[in-house]
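Put together the whole structure using the sequences plus the hints.
Chain by chain, the residues run as shown.
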Amino acid sequence: MALLEVDNIRTAYGLSKVLFGISLTVEPGEVVALVGRNGVGKTTTMRSIMGLAPPQQGSVRWMDREITRLPVYHVAKLGIGYVPEDRRIFPELTVWENLDIARLPPIGGAKGDGWSEEQVFELFPDLKDIQSRKGGVLSGGQQQMLTIARSLMGNPKLLLLDEPSEGLAPIIVETLRDRIHLLKTGGLSIILAEQNLEFVLYLSDRIHILEKGAIQYTGTPADLRANPDIQSKYLTL
Amino acid sequence: MPPIEGKTMSMLANPTFLFYQFMNSISLGMNIFIIAAGLSLILGVLRVINFAHGAFFMVGAYVCWSTVTYLDGATGSFWLGVAAAAVVLGVVAFVIERGLLHYLYGREHLTQLLFTFAIVLVVGDLAKMIWGTDQYNVPYPHGLSGAVNFGFALYPAYPLLLCAIGVVVAVGMWLVLSKTRWGRIIRAATQDREMLSALGMNVPLVYTGVFVIGSALAGLGGALAAPRVAVSPGMDATIIIECFIVVIIGGLGSLWGSFLGALALGFVTMFGTVIFPDWELVLAYVLMLGILLWRPWGLFGVSEEESH
Numbered sequence: 099m100a101l102l103e104v105d106n107i108r109t110a111y112g113l114s115k116v117l118f119g120i121s122l123t124v125e126p127g128e129v130v131a132l133v134g135r136n137g138v139g140k141t142t143t144m145r146s147i148m149g150l151a152p153p154q155q156g157s158v159r160w161m162d163r164e165i166t167r168l169p170v171y172h173v174a175k176l177g178i179g180y181v182p183e184d185r186r187i188f189p190e191l192t193v194w195e196n197l198d199i200a201r202l203p204p205i206g207g208a209k210g211d212g213w214s215e216e217q218v219f220e221l222f223p224d225l226k227d228i229q230s231r232k233g234g235v236l237s238g239g240q241q242q243m244l245t246i247a248r249s250l251m252g253n254p255k256l257l258l259l260d261e262p263s264e265g266l267a268p269i270i271v272e273t274l275r276d277r278i279h280l281l282k283t284g285g286l287s288i289i290l291a292e293q294n295l296e297f298v299l300y301l302s303d304r305i306h307i308l309e310k311g312a313i314q315y316t317g318t319p320a321d322l323r324a325n326p327d328i329q330s331k332y333l334t335l
Numbered sequence: 039m040p041p042i043e044g045k046t047m048s049m050l051a052n053p054t055f056l057f058y059q060f061m062n063s064i065s066l067g068m069n070i071f072i073i074a075a076g077l078s079l080i081l082g083v084l085r086v087i088n089f090a091h092g093a094f095f096m097v098g099a100y101v102c103w104s105t106v107t108y109l110d111g112a113t114g115s116f117w118l119g120v121a122a123a124a125v126v127l128g129v130v131a132f133v134i135e136r137g138l139l140h141y142l143y144g145r146e147h148l149t150q151l152l153f154t155f156a157i158v159l160v161v162g163d164l165a166k167m168i169w170g171t172d173q174y175n176v177p178y179p180h181g182l183s184g185a186v187n188f189g190f191a192l193y194p195a196y197p198l199l200l201c202a203i204g205v206v207v208a209v210g211m212w213l214v215l216s217k218t219r220w221g222r223i224i225r226a227a228t229q230d231r232e233m234l235s236a237l238g239m240n241v242p243l244v245y246t247g248v249f250v251i252g253s254a255l256a257g258l259g260g261a262l263a264a265p266r267v268a269v270s271p272g273m274d275a276t277i278i279i280e281c282f283i284v285v286i287i288g289g290l291g292s293l294w295g296s297f298l299g300a301l302a303l304g305f306v307t308m309f310g311t312v313i314f315p316d317w318e319l320v321l322a323y324v325l326m327l328g329i330l331l332w333r334p335w336g337l338f339g340v341s342e343e344e345s346h
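Residue numbers (the numbering used here), protein chains in the order written: chain E, 99 to 335; chain H, 39 to 346.
Source of the hints: derived by calculation from the structure; they are not laboratory data. Some clues are possibly wrong.
[Unchecked claim] Once the Cα atoms are required to be at most 27 angstroms apart in a straight line, the calculated DSSO-like pairs of lysine-lysine come out as:
(1) E:K226 to E:K175
(2) H:K217 to E:K175
(3) E:K115 to E:K310
(4) E:K232 to E:K175
(5) E:K232 to H:K217
(6) E:K282 to E:K226
(7) E:K282 to E:K255
(8) E:K175 to E:K282
(9) H:K217 to E:K226
Have a look at this one:
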């Protein structure tokens, strides 16, 4: 049984339609990538799953349960973590406070079972030394680490990662990629929206290429590597 | 400004009078602070400009008067009245938030503004139906009707206690907001409510809680003000303007900003009316204008550019 099943969702912001029937599934432990140029609907797909932009049609099922119109906080509590593109760190809260407010007990587990600050700091050692610094003064890389760390505090089974490498220096992108890979190895499922193709090819099991709010191509990293035509058709600027 | 009269000068040269006015300023400031802190909290988290806050303050004073009167002024009846005022306003706020305001968060600010203004009118009329239009006086609580001897001057005990309560409320709120998880959640809600809900927090519940606590502070402030003022219809209009001045001076949603703003308003009111009696009505606005010209976002507020 798939962990997440998105079935033919159509989402609009007011009169402007963004998604025209997106369907995808995520199996436990799988990293599914959404790639495509700006404005093709990657972020909206994630917001639709999260309940931040509920789809007008179609359904989102999570662990065999309909979650399409559940309130956002409820979706989060069921084990879906959201790492938005603009990171959305609470600027007036310290790093530690940003982590603390995101604490949720793991699904079906006791309070002490899940991620602790200590474990999060093991994964992102850079954050440990700046625990008491305000979120608003962090560098882009630190903010990106913090926003992932913060969502881990909620003990998600699935992480929605929106453009994690955007605007970061290559060396930091590499570190980030390795950390995300560690999370994947640990069994976390991820939907990854990304424009950095190398990043995607390294991490994902399956890749969906989006254009105009619909999935145009689906394949494995190997398929896509072997298919420069597809790459140039949908991914080059 | 008109020249300062000779009589005023001699009053200002009198240390006892100065001390008295100084303490009065702090006492008034602290009383306003308790009320404004609730308004500021609600504004910061819910982003709702709650005109009904003044009406809640008035009801708090009435509830305190009723409790004291019902118990025939027995020892402790005043403090029971203070507690009752906070609880009653908390319950009223809960019903209003869950039953009505709750449905207006997605709407534009004007709708919310009109709604809270409607609450002002409804609560004002209900208060007249319950308590009539008479003026009531609440006596100082037992044991606090006397004065405290500072050696060089006497100062009445109750306003002195008000100063202390204001500080206790300020420090208490600061501790809760900065040292507890609930406080951190409230602060996060002022910064990005959508992200907070995406982290699994039931933000509407946070809103209800903040509205209840903020309104309970209005009730508490009203009850504590009852011995200082005439409890009567219309007391809501004065206080809401003072509260908005304090919140604007201090910077929207800032606790210590409201604290300083309330003190500033206390001093301007107490000394201003002595030095420039003809300017009494405009002094508070002059204060606000002056501070906003200097810092358009208030003393502790964050400018739009800084916050981005």
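| request: Starting from the hint list further up, note which numbers the structure goes against and sort them upward. | output: Those not satisfied: there are none.
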